[in-house]
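Chains A and B supply the protein sequences, listed in that same order. So the first sequence is numbered by our numbering: it starts at 1 and just counts up by one. So the second sequence is numbered by our numbering: it starts at 1 and just counts up by one.
It is worth saying that the hints were derived from the structure and are not from the lab. Watch out, some of these pointers could steer you wrong.
Claimed, not checked - Listed next, the stretches of chain A that the computed footprint assigns to chain B, with coverage defined by at least 3 CB atoms under 8 Å from CB atoms of chain B:
(1) 64-71
(2) 311-323
(3) 469-483
(4) 562-576
(5) 597-607
Claimed, not checked - Below, computed lysine to aspartate or glutamate pairings styled on EDC-like, alpha-carbon distance capped at 20 Å:
(6) B/Lys-170 with B/Asp-96
(7) B/Lys-238 with A/Glu-116
(8) A/Lys-297 with B/Glu-611
(9) B/Lys-17 with B/Asp-378
(10) A/Lys-250 with B/Asp-46
(11) A/Lys-132 with A/Asp-230
(12) B/Lys-238 with A/Asp-239
(13) B/Lys-550 with A/Glu-649
(14) B/Lys-250 with A/Asp-45
(15) A/Lys-550 with B/Asp-496
(16) B/Lys-132 with B/Glu-112
Every residue gets a Cβ at the ideal spot worked out from N, C-alpha and C, and that includes glycine.
Spelled out from the first residue to the last, the chains are:
There are 2 protein chains.
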Amino acid sequence: MNNETMIHDTFWNRYRKLVKHEMIPYQWDVLNDAIDINIEKERDDDFIPNEKSHAIENFRIAAKRSQGDHYGWVFQDSDVYKWLEAVSYSLMYEWDEDLKKTADDVVDLISEAQEEDGYLNTYFTIKAPERKYKRLGESHELYCAGHFIEASVAYYEATGNEKVLSVARKLADHICSVFGEGEGKICGVDGHEEIEIGLMKLYHLTGNDTYLKEAEFFLRQRGKDPEFFDRQKAADAKDPIIAGVYTFPKKYFQMHVPVEQQDTAEGHAVRLVYMSTALADLAATTNDKGLADVCRKIWRNIADKRMYITGGIGSTVIGEAFTLDYDLPNDTMYCETCASIGLIFFAIQMLRIESRSEYADIMERALYNTALAGMALDGRHFFYVNPLEVVPEKSANDPGKSHVKPVRPEWLGCACCPPNLARMIASVDKYIYTAKEDEILVNLFIRSESDFELNGHTVRIKQECDYPRSGKITFLVSNNGTNPVNLKIRIPGWADDYAGKVDEKTADIVSDNGYWNVAIPGGDHRIGYDIQITPKRWYCNPKVSENIGKVAIARGPQVYCAEGADNGIGLHNLNLPADSELSYEWRDDILGGVGVIDAKGWRTDANDFGEGLYYTGNRPREEECSIRLIPYYAWANRGEGEMRVWLNEAK
Amino acid sequence: MNNETMIHDTFWNRYRKLVKHEMIPYQWDVLNDAIDINIEKERDDDFIPNEKSHAIENFRIAAKRSQGDHYGWVFQDSDVYKWLEAVSYSLMYEWDEDLKKTADDVVDLISEAQEEDGYLNTYFTIKAPERKYKRLGESHELYCAGHFIEASVAYYEATGNEKVLSVARKLADHICSVFGEGEGKICGVDGHEEIEIGLMKLYHLTGNDTYLKEAEFFLRQRGKDPEFFDRQKAADAKDPIIAGVYTFPKKYFQMHVPVEQQDTAEGHAVRLVYMSTALADLAATTNDKGLADVCRKIWRNIADKRMYITGGIGSTVIGEAFTLDYDLPNDTMYCETCASIGLIFFAIQMLRIESRSEYADIMERALYNTALAGMALDGRHFFYVNPLEVVPEKSANDPGKSHVKPVRPEWLGCACCPPNLARMIASVDKYIYTAKEDEILVNLFIRSESDFELNGHTVRIKQECDYPRSGKITFLVSNNGTNPVNLKIRIPGWADDYAGKVDEKTADIVSDNGYWNVAIPGGDHRIGYDIQITPKRWYCNPKVSENIGKVAIARGPQVYCAEGADNGIGLHNLNLPADSELSYEWRDDILGGVGVIDAKGWRTDANDFGEGLYYTGNRPREEECSIRLIPYYAWANRGEGEMRVWLNEAK
């Protein structure tokens, strides 16, 4: 069930070129402190190191090529690993000998920084060797290891570099020897899930069962021993590694109950989705129905009760965390870029467990909105937090909104998001299809060519489209076998008008768990699919207090927003009536090419009030106005201004 | 211009009896750790000491009557001082020999805790004598001193106790000798304003100019040397006294610019209003037009741009602070009880500067809403934070709302509010009138008898009313002089229908800066005043994003709210149309006697949505419902539930 895909898509190739030609070289300069940029704190917090990256230099010091002290977060290494992973994927679609040489050198450097026994983490090697694995609630040692292993698998697959794989195996073997239930082993987990994902990938690459078992150990151990971090801390009894982490509740680490009993999405949002990704991978791989059920429950809780319309998750900056059902404030939320990327990871694993298109619906929602919003159109500015409502003056003057940036910084003190997004975009080809033994799921509509190996025969799919600008999609499928292959084409949850043709014959599309299931016999076939993509009004469940009386506009997978650049200040005063026509127009000249939506609306006249705050008598006057909306992912590319997704809807 | 007032009011005497018979004995038990109560942290913060009060025991240890360590905040002493001040006022309206004996003993204890040179602060005496005055940004030493001086003045006036005054003078003289511009003196201020209020009161009592000058020094020094606290901290270089204070910006302490240049309300709200109170007192006392202008600007900024409709101030929990103009979130604000009490202090001083009724309007707004809401109807439970919107599940599960309690705790880790409210209610007689040389301002409508000494002759005013239940007020005025006295009766800003009679003759009421100015000749006169008090709809300035499309209901000075006990859950789904009749009814059987407001409205049917969060199609259905509103001050006296002041208003 291998799958090789080449993307030829207008929308995505722009992004993928940006990764290759802007993000990767830019991030390389940042990691080497070779570029003069302003590194912002992702929120107002004295403990955030933001003078420089120092990430490569940390490796040079650990490798004894250089002298000095470690600088940055305890997880600074992971920035390098995610960069290396993005490089790997980029090499798969655009080979670059110089870049490969640079990356090979990085592999050499990492290999020199690895200790004899396989241990790899520059912070502890340089700064606190005696505290290794003694403070796992904060230390991110296994988190960093997981990212290195993920990068290694990708780099090996892209280049065949054996050294990177041997470093990864040595590291993984070391971890397997230290952590587990056996005597003398540490029976505990990392505060931040990620090693589980890395070990599963290493298992998928090598087939070595030890890695699968170790991933399962870490997953099943989570929450089994809620006091583990506290005990470690008491035994270590030194300065914290990350101040404040222990003030968070056990939910923050998903340590409140054993993982098998977790049925809601709790705690730090990125941690939760990383845990769920590995859990779903394990459940799919081992066909574990119990774990699959846990994944379903967590998914349902996110999708039905704790997710923004933009695919953002994490309702509060405090602990970057989930809060409670239906609590979705639009202006103080976190909606970290990494969390939506993690939600995409989780979704693709859920599709392995079961063929239900809603997983792909949410994958698409997170991808086309929050994930892409994480980067400016120039590929050199990044959001950590992705709000649904911004007023720049409030971000500047209300300390409870210090994390809600109105424009993307050049870099962040905690730089997890930019390289995470680079690796996501560079590997988006892996999310288009899910190939199973007897069926191929179409998750995303991206112009591409793919080859599948299924049950011994080859299937080639050429997908022609200009999505999401247009909903006209053609699949040219060549099945070189004799048995039919089920092509399950997603019927997007937002679509209510679509038509299909199979080999020029009009098809009757019946939803099969959200799919149009087309049996493709041997030979060449042409499937036409035409989804009407028009601007639509979306309402929110009335249990969400923040969105009562409000409407959000989306067109296909893209959520739209009103921006100051088009609509001036005081966006809360806009009123988009339910009967106002939403007119859509593609504009090449705006924001690198976007479809804009224009409508007539009303604006409360903020000057019809006089001085003072409270007034008894008539409501303030409204005046007619034009409202322009742009796709959410493209906001904040025209300077600082207000932005708002949910607009008031007059009756 | 003395003024002696006895209150006979139904509304207020209930509260004043509560102070005397519930709050004072209860708080005494708390200060002595003699009662088993649950002391809650006012917000989720590990540094808040909440095991016990220990406030009296701290004095016993400092006085060497007992042994042990100091416990509690560095400003724990002030809880005792404010209790003593409340006792003083209560003795003025209900003499109690036993209570006086207890208070005399407290004075003796405090006197024993005072050091030889006049220094008084149990934290530093017990715990860190070498750090006295070395960390003024955090130490609250002068803050506590100010509260002691205020209490002393009150207790001396109530009982003639000479010892309390001598301790206060010794303390004030000590402070005057240590702080100032002279050589060898500390040219700096306390992080929390309050000493200035105390010194002004001591000046008013004693006529000793030194205290006035010292208050002026502290006030004019504020913001002149913004680095003062940082320099002290660097020189002290030890553990912080209150962790985290230095992460706040200089505005937090009103240290960002010299006080004369401050024209907006910035920083910690209580500090700002305490500073402004002393500043206005100084400006009124010395007739300083420059300082009066500063006060006017700060006032305007609060009243026009930074105050909740309930008279609450402080839009954020972070630093318990003001944020920016028109930033008034209803569910994450602070609106500390103490801040509204401080706003009342500020207002009464502004009335000395100039006779403008709007100062009394806001005083009344703060008093009848946020200040009174600070206490349960039983006098034994207290709010620190006074929200305009509460959902208990959000307070419990959203860490950004951990400070927004849905019911009043029995006591608070930082217990500034309960005794502050006790002294406010016990001294409310002092806020009814402002007597000047040639006029008497009627600020509040409270049934009472007052004697005024004006320019050598006596004026007696008997105020008859049952306010705010009724707007019918009668003033029986006896002017024993021959010159007429101007009685300036406030025309409330919310009133638009009122009539007056002077000695049975219908008067033509013309507003004179918000007053009905009645010249009272010698002899006995009867002034009838009839203000129509009906439920009214209030709208918010459209610059405030949170209240667009919403309405608040008030009746006279009382803001109303919808509570879960009457309206169930999901108050955000209520819709109170603009044309719905608001019917008012007095109910003796509800909440100790309140006027309730009932109206027909609509409720979005939260079950008309099914599973999931987002939906394209029709808006969720509304169904007709009854909406009941109660006065804001009385909320949260019927168990835990939702509460909301601003309701959606359908067109």
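Hints and how they fare:
1. 64-71: Contact hint for the segment 64-71 of chain A vs chain B: violated, 0 residues under 8 Å.
2. 311-323: holds (count 7)
3. 469-483: n = 0 at 8 Å, threshold three: violated.
4. 562-576: holds (count 3)
5. 597-607: Holds, because 3 residues of the segment 597-607 of chain A bring their Cβ atoms closer than 8 Å to Cβ atoms of chain B.
6. B/Lys-170 with B/Asp-96: 28 Å, violated
7. B/Lys-238 with A/Glu-116: 42 Å, violated
8. A/Lys-297 with B/Glu-611: 14 Å, holds
9. B/Lys-17 with B/Asp-378: Cα-Cα ~11 Å, so holds.
10. A/Lys-250 with B/Asp-46: 15 Å, holds
11. A/Lys-132 with A/Asp-230: Holds, at roughly 16 Å.
12. B/Lys-238 with A/Asp-239: 16 Å, holds
13. B/Lys-550 with A/Glu-649: 13 Å, holds
14. B/Lys-250 with A/Asp-45: Holds - the C-alpha atoms of A/Asp-45 and B/Lys-250 are around 16 Å apart, at most 20 Å.
15. A/Lys-550 with B/Asp-496: Status violated; Cα separation ~34 Å.
16. B/Lys-132 with B/Glu-112: 18 Å, holds
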